[in-house]
Amino acid sequence: MKIAKVCGSLLLLGVASCLCAQSTIDANPKSCPKIAVGADVSFLPQAEAQGSVFRDAGVVAPGLQILQHHGYTWIRLRLFVHPTTLPNDLQYTIAEAKAARQMGFRF
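Residue numbers (this note's numbering): 1 to 107.
Watch out, some of these pointers could steer you wrong.
Now the in silico label distances, taken between C-beta atoms and shown as ranges [said to hold, decoys possible]:
1. P62 <-> F107: 13 to 23 angstroms
2. V59 <-> T84: 28 to 38 angstroms
3. D56 <-> Q102: 27 to 37 angstroms
4. H82 <-> R55: 17 to 27 angstroms
5. T84 <-> A57: 15 to 25 angstroms
6. H82 <-> A57: 22 to 32 angstroms
7. A49 <-> T84: 28 to 38 angstroms
8. R78 <-> Q102: 25 to 35 angstroms
9. P83 <-> V59: 27 to 37 angstroms
10. F107 <-> P83: 15 to 25 angstroms
11. A57 <-> L90: 29 to 39 angstroms
12. A57 <-> P83: 30 to 40 angstroms
It is worth saying that the hints were derived from the structure and are not from the lab.
We put the CB at the ideal spot given by N, CA and C, even for glycine.
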């Protein structure tokens, strides 16, 4: 089993935008109703299928679950028209979109 050394390679896009006071965000990021936090998870299913393991405070958990736990509400998925060595075809992307949608993520 491989352990993912750098989640940053999967989370290429991390964005936070909020109209609340900074102290409110620092105290509880979920308390700000105008916050949008997102990540590009295009290769997350591939990494997990290849045996990458993600941990949150030492506990193994699926990548999307970890993101959700930390207040992420948006994801980006890339679709490649002619993938030759990449898995990001329509079927792969739709499957990941459905899984994320069931967890409440927005696109």
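Consistency of the hints with the structure:
1. P62 <-> F107: 13 to 23 angstroms: About 18 angstroms separates the Cβ atoms of P62 and F107, which means 13 to 23 angstroms holds.
2. V59 <-> T84: 28 to 38 angstroms: holds (37 angstroms)
3. D56 <-> Q102: 27 to 37 angstroms: violated (20 angstroms)
4. H82 <-> R55: 17 to 27 angstroms: Violated - the Cβ-Cβ distance for H82 and R55, about 35 angstroms, lies outside 17 to 27 angstroms.
5. T84 <-> A57: 15 to 25 angstroms: This hint is violated: roughly 38 angstroms between Cβ atoms.
6. H82 <-> A57: 22 to 32 angstroms: Since the Cβ atoms of H82 and A57 sit about 40 angstroms apart, the hinted range of 22 to 32 angstroms is violated.
7. A49 <-> T84: 28 to 38 angstroms: violated (18 angstroms)
8. R78 <-> Q102: 25 to 35 angstroms: violated (20 angstroms)
9. P83 <-> V59: 27 to 37 angstroms: holds (33 angstroms)
10. F107 <-> P83: 15 to 25 angstroms: holds (19 angstroms)
11. A57 <-> L90: 29 to 39 angstroms: holds (36 angstroms)
12. A57 <-> P83: 30 to 40 angstroms: Given about 35 angstroms between the Cβ atoms, the range holds.
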